[in-house]
Amino acid sequence: MTTLDRRPAGGYGMTRPEPESLADLLERVLDKGVVIAGDIRVDLLEIELLTIRIRLLLVSVDKATEMGIDWWTRDPMLSASAGDNQEELERLRRRVEELEGKSEGEATGE
Amino acid sequence: MSDLGSYIYAAGRITGDLGDVHGLRDAPLRIVRWQELGAIVSTVDLDEFGEAPLREHLEDLGWLEQVARDHDRVVRAAWSATGAVAPFRLATICRTDEAVQARLVSLYDELTQALDRVIGRSEWTVKAFLRTEAEEAEEPEPATQSGTAYLMRRRAELDGQRRAAVDAQAVADDVHRELAQAADAVRRLPPQDRRLTGYTEAMILNGAYLVDDRSAGRFRAAVAELAARRPAVRLTLDGPWPPYSFTSLESA
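Protein chains in written order, with numbering that gives the first Met the number 0: chain A, 0 to 109; chain B, 0 to 251.
Worth flagging that the hints you see were computed from the coordinates, not collected in a lab.
Ideal Cβ positions, reconstructed from N, Cα and C, are used throughout, including at glycine.
Do not rely on the hints blindly, as some may be mistaken.
Unchecked claim - Which chain B residues face chain A? A few, computed with CB under 8 Å, are given here:
#	residue
1	G4
2	W62
3	H70
4	A231
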């Protein structure tokens, strides 16, 4: 079994970005495996909501912005880490608005 | 002096050594044994991993990522060294090694059964995404069109989407059934929401497959063959993973 490649394999039709494999990893280490109570009791279910938000955050920023997902820019808990991307987000948001304007124009037959 | 705890990464039948791998915060790993079983643990500071600080840290993406990757790194090292491990859930911490050993004693039967299920096997993930109609047909959009033409096209699109949704379940079941033939055990995880995947296509299958390492090539080939035969879906293959999804214990 040591001859097997332990690195994530490429998908069909696309290369998978690293952050996504982090989402898959979190899915496993938080939800799967041997689940028993240790002496230190922390209910991971309590952070389930947070986990979902993390998964959203792991979506590549431009994809998310394309889809209009930008709540983290207003979330004080996460805005610190989002700060670096602010400029890029702004640029993408302008680009999306531009494109939306264009497709509306097409839709009304102008 | 601050309190210390024993963080459990995994359990297995550990015979070899784990090489150069260190645990969280670069702490040395040790093995707590009971009969032929060993739990891989390292010492953590309860100033960081106690109940209250842990609750706080788990809200911090950077912290969580680092701990998750370290956890996985140790699990993989143990996996490579033994061929079968049962990974423990992130942040399973006992106060002492004696308490860790007590867990091994009480879980002995279940752990050995779980290890027997996964020995010499790896977990693979296959996700299926339904391609959108537009992508499949690749019809160029007319440069100009009337409002009626637009509405008709839009209605056809919506009908297509509705049909696709009905078909999606059947397609997912088919793909899963075919892959299951090349696997020793299977588990369907909930498909991730498209807002989570970042893809415009809907995920219709999020499957975990436990595959004998000697059949890994056959499994890969099965995925490739399915991908070629089903142009309506896009398949992604990831792995091999340690058998995270196949070591749940009955009592848990």
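Verification of the supplied hints:
no. : hint : in the structure
1   : G4   : 6 Å, holds
2   : W62  : 11 Å, violated
3   : H70  : 6 Å, holds
4   : A231 : 13 Å, violated
Consistency with the previously given hints fails for numbers 2 and 4, ordered from lowest to highest.
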